[in-house]
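K.L.:
Here the protein sequences line up with chains A and B, keeping their order. Counting along the first sequence from 1, when you hit position 286 you're at 286 in my numbering, and nothing is skipped either side. Counting along the second sequence from 1, when you hit position 2 you're at 2 in my numbering, and nothing is skipped either side.
Calculated directly from the structure, the hints in this document are not laboratory data. Do not rely on the hints blindly, as some may be mistaken.
To give an idea of the chain B side of the interface with chain A (calculated C-beta under 8 Å), a few residues [unchecked claim]:
no., residue
1, 90
2, 97
3, 118
4, 183
5, 185
6, 186
7, 189
8, 231
9, 236
10, 264
11, 268
Each computed SDA-like pair below joins lysine to any residue, with the alpha-carbon atoms no more than 20 Å apart [unchecked claim]:
no., chain 1, residue 1, chain 2, residue 2
12, B, 5, B, 202
13, A, 207, A, 65
14, A, 292, B, 118
15, A, 5, A, 18
16, A, 106, B, 250
17, A, 92, B, 256
18, B, 106, A, 247
19, A, 11, A, 55
20, A, 292, B, 125
21, A, 106, B, 253
22, A, 5, A, 63
23, A, 106, B, 247
24, B, 207, B, 136
25, A, 14, A, 138
26, A, 292, B, 121
27, A, 11, A, 143
28, A, 92, B, 253
29, A, 292, B, 123
Pairwise CB distance ranges, derived in the manner of DEER restraints [to be verified]:
no., chain 1, residue 1, chain 2, residue 2, range
30, A, 121, B, 49, 50 to 60 Å
31, B, 300, A, 103, 28 to 38 Å
32, A, 298, B, 219, 28 to 38 Å
33, B, 114, A, 298, 19 to 29 Å
34, A, 160, B, 113, 23 to 33 Å
35, A, 24, B, 102, 39 to 49 Å
Note that the structure is predicted; figures quoted are calculated from it, not measured. Note that the Cβ used here is the ideal one computed from N, Cα and C, for glycine as well.
2 protein chains.
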Amino acid sequence: MQVIKDHYIYKFSKENVPVAHASDGETLRFLTRDCFNCQITSEEQTMETIDFEACNPATGPVYVDGAMPGDVLAVDILDIAVAGSGVMAAVKGFGVLSERGVSRTKILEVRDGYVRFNDVVFPAVPMIGVIGTAPDEKPVISGYSFSCGGNMDSRKITKGTTVYLPVRVPGALLAMGDVHAAMGDGEVCETGVEINADILVRVRVIKDFRLNWPVTETPDEWFVNTNGVNCDTAILRGYEELLRLVSDAYGWDTTDTTMYLSLQARVEANQAVLDPNETDDEGPVFRTGVPKLAAKPRLIP
Amino acid sequence: MQVIKDHYIYKFSKENVPVAHASDGETLRFLTRDCFNCQITSEEQTMETIDFEACNPATGPVYVDGAMPGDVLAVDILDIAVAGSGVMAAVKGFGVLSERGVSRTKILEVRDGYVRFNDVVFPAVPMIGVIGTAPDEKPVISGYSFSCGGNMDSRKITKGTTVYLPVRVPGALLAMGDVHAAMGDGEVCETGVEINADILVRVRVIKDFRLNWPVTETPDEWFVNTNGVNCDTAILRGYEELLRLVSDAYGWDTTDTTMYLSLQARVEANQAVLDPNETDDEGPVFRTGVPKLAAKPRLIP
Chain A
1 MQVIKDHYIY
11 KFSKENVPVA
21 HASDGETLRF
31 LTRDCFNCQI
41 TSEEQTMETI
51 DFEACNPATG
61 PVYVDGAMPG
71 DVLAVDILDI
81 AVAGSGVMAA
91 VKGFGVLSER
101 GVSRTKILEV
111 RDGYVRFNDV
121 VFPAVPMIGV
131 IGTAPDEKPV
141 ISGYSFSCGG
151 NMDSRKITKG
161 TTVYLPVRVP
171 GALLAMGDVH
181 AAMGDGEVCE
191 TGVEINADIL
201 VRVRVIKDFR
211 LNWPVTETPD
221 EWFVNTNGVN
231 CDTAILRGYE
241 ELLRLVSDAY
251 GWDTTDTTMY
261 LSLQARVEAN
271 QAVLDPNETD
281 DEGPVFRTGV
291 PKLAAKPRLI
301 P
Chain B
1 MQVIKDHYIY
11 KFSKENVPVA
21 HASDGETLRF
31 LTRDCFNCQI
41 TSEEQTMETI
51 DFEACNPATG
61 PVYVDGAMPG
71 DVLAVDILDI
81 AVAGSGVMAA
91 VKGFGVLSER
101 GVSRTKILEV
111 RDGYVRFNDV
121 VFPAVPMIGV
131 IGTAPDEKPV
141 ISGYSFSCGG
151 NMDSRKITKG
161 TTVYLPVRVP
171 GALLAMGDVH
181 AAMGDGEVCE
191 TGVEINADIL
201 VRVRVIKDFR
211 LNWPVTETPD
221 EWFVNTNGVN
231 CDTAILRGYE
241 ELLRLVSDAY
251 GWDTTDTTMY
261 LSLQARVEAN
271 QAVLDPNETD
281 DEGPVFRTGV
291 PKLAAKPRLI
301 P
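Bound conformation, chain A alone (with noise of 0.2 Å):
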C-alpha cells in the first residue's frame, strides 16, 4: 500500500506538483502533522509563539488517474488512528469568547480511545480537518475553506464516512490534515485536540457528476459543506445545493423539493468562529443535510 507523507502543501493549487499517482478504488495511508506542525510541544508555549505561515500543513498532494475537471472524487474514510497527546491552545484574539480569556495551551492526552480535559474523560471521534482537491483558479491557503473543501473542519469526516469532492483540475490534487482527536462545532477557540495522524482512505472516481461544494455522506445523512462571510450565507448555499440534489434524485419539482427539505433539511455548523468582517470565502462554514432514505435514488451514484 503506498503511504503518504513527508510532503505537506500550505496551499491548494492547481501548481502543486503531486508527490504520487494513485488508481481509481486504490487504498491510500496518508500520515499527517497535527495543524501547528507540530512547533507546540509544551503547555509553557502559547500559540503567540509558532510560525503562522508554518501550520495546516496538508499531506500530498496526490494525483488520481483518471479524475478530471467535471468529475467528483469520493474519499471513503477507512481509518483515522491518532498519536497518544494532542494540543489545545487558546489565545487572546482567536475565536468568538477570545476577548474574555487569557492565552493557554494545554497538551491532552488520548488514551483508549478517550480524551482528558480537566477531570472530564470523553470519546476521542478522530475527525480530519483539512481535505480537499486543488481550485482551478487561484490557490487556497489550507487554512481556509473554500469550494473543493480545505480547512472544513467537520466532525463529520470520520471512519465510516464518504467525502465527496469536485474535480476541478487532472488528477485531482487530493491532499488532507489537520486532524482533530475531538472538536465541538464551532471550534470556538478555533483549536481542537490537534493532532498527528495515520489515515486509510480509498479513492474513487465519479464520472461526470456536478458537485458545487463538498458533501459528506454518513451512513444516515447527506451533508453539504458549504461556507460564507457569514452563517447566514452558508447556510443559503446548503440549501440551494441540497434543492438542485434532492431535485435531480427525486424527480421532484423546485416546489416539492422545497417543501420537502422544510421537513426534512438539517443544519448543523462546522466553525463559527471567524471575524465577521472578513470580506472573501473564508467565512463560517456550515454543512447542511437531508437524511438518506432507504429505497429512493441515492444522491450522488
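With chain A fixed as given, assemble chain B onto it according to the hints.
P.N.:
Only chain B this time, still in chain A's reference frame:
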C-alpha cells in the same frame, strides 16, 4: 388531570389572564390547534387565503403556583399525540428558497408513526413549535421567538425532553401550541407538518436559578435556544450562555470553559428562514448545546 383547551393566546404577555392554575409537579394535558388555526382544510387552499392574525394559537396560559420572577419553569414533555393528518404549505415569498417555487398546499397523512410525502415515507417525530412563558416587558406575538421561548421551532422539544424556561412574571404563564408531526432544521418553506395535538407535560418550579434563554435537555445533550437578527448573533448568544452555565457548573475559569466548548459544544439550527433585513429579535433561532456528561454537575439543578 387538568386539560387545558379552548383558550388561545396570540401574544406572550404579562397581561394575559390565566385559564388554569397548576401546582409544582402537576401533570397537565394541553390540546393544541395547528399553526394555521385549522383555517386550511384542503389542498386547493393556499396560504395566501388565510388570516395571519389568527395563526400560531398557543393554548393557555397556565399559572404555575409558586413560580416567581428569577425562577425557572421546567416542562417535562411526557407525550405528544398528533391527529391523523397535517397541513404543509409553501407560499411564494416565505422562506429562503421561496422565490424559486410556487404556492402549494399538501395535506399529509400521519399513520402508525410515519409521514408520507409523495412516494417517500419517513418517521413522524412530533415536536412543539411554540412554547413559552410571559415576558415582563412588552408582549411578543406567538409567531416570534424570544428570551422566554415562543416560536422556537426546535426539533429537540419532543417526547422525552425537558424545556427549561425563564420565569419573568408571577405564575410564569405557560402556553404552548404549533405542533409539527415533522419539521426540518431551518423550516425552509416556513412550515412543517402542521397538526392538531394532545400534549402531556409535567411542570416543575426550580427556585432562584438564572437563565437568560430557554434551555432544552435531551437524554444526551443540553441545548440553549437563542435567536438573533442573523445566525451569527444567535450562535454567539448561545456560546455566551453556555460559557456562563458550564463555567458555573464545572467551576472552571473562562479560558478553560471556552476550550472545553471548543471540544464539546454543538451547533444546530431551528429556524434559518426569516428575512435578513428584519431588525428586531424575530431573527433566526439557533440552538447551541453541550453534551451532558455522566458524573459531572448538572448545568441546571
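K.L.:
Now look at each hint and say whether the structure bears it out.
P.N.:
Structure-based check of all given hints:
no.: 1; hint: 90; verdict: holds (5 Å)
no.: 2; hint: 97; verdict: holds (5 Å)
no.: 3; hint: 118; verdict: holds (7 Å)
no.: 4; hint: 183; verdict: holds (6 Å)
no.: 5; hint: 185; verdict: holds (4 Å)
no.: 6; hint: 186; verdict: holds (5 Å)
no.: 7; hint: 189; verdict: holds (4 Å)
no.: 8; hint: 231; verdict: holds (4 Å)
no.: 9; hint: 236; verdict: holds (5 Å)
no.: 10; hint: 264; verdict: holds (5 Å)
no.: 11; hint: 268; verdict: holds (5 Å)
no.: 12; hint: B:5 with B:202; verdict: holds (16 Å)
no.: 13; hint: A:207 with A:65; verdict: holds (12 Å)
no.: 14; hint: A:292 with B:118; verdict: holds (16 Å)
no.: 15; hint: A:5 with A:18; verdict: holds (12 Å)
no.: 16; hint: A:106 with B:250; verdict: holds (18 Å)
no.: 17; hint: A:92 with B:256; verdict: holds (13 Å)
no.: 18; hint: B:106 with A:247; verdict: holds (18 Å)
no.: 19; hint: A:11 with A:55; verdict: holds (11 Å)
no.: 20; hint: A:292 with B:125; verdict: holds (16 Å)
no.: 21; hint: A:106 with B:253; verdict: holds (14 Å)
no.: 22; hint: A:5 with A:63; verdict: holds (14 Å)
no.: 23; hint: A:106 with B:247; verdict: holds (18 Å)
no.: 24; hint: B:207 with B:136; verdict: holds (18 Å)
no.: 25; hint: A:14 with A:138; verdict: holds (8 Å)
no.: 26; hint: A:292 with B:121; verdict: holds (12 Å)
no.: 27; hint: A:11 with A:143; verdict: holds (8 Å)
no.: 28; hint: A:92 with B:253; verdict: holds (14 Å)
no.: 29; hint: A:292 with B:123; verdict: holds (13 Å)
no.: 30; hint: A:121 with B:49: 50 to 60 Å; verdict: holds (57 Å)
no.: 31; hint: B:300 with A:103: 28 to 38 Å; verdict: holds (31 Å)
no.: 32; hint: A:298 with B:219: 28 to 38 Å; verdict: holds (31 Å)
no.: 33; hint: B:114 with A:298: 19 to 29 Å; verdict: holds (21 Å)
no.: 34; hint: A:160 with B:113: 23 to 33 Å; verdict: holds (28 Å)
no.: 35; hint: A:24 with B:102: 39 to 49 Å; verdict: holds (42 Å)
Against the hints set out earlier in the document, no violation occurs for any number.
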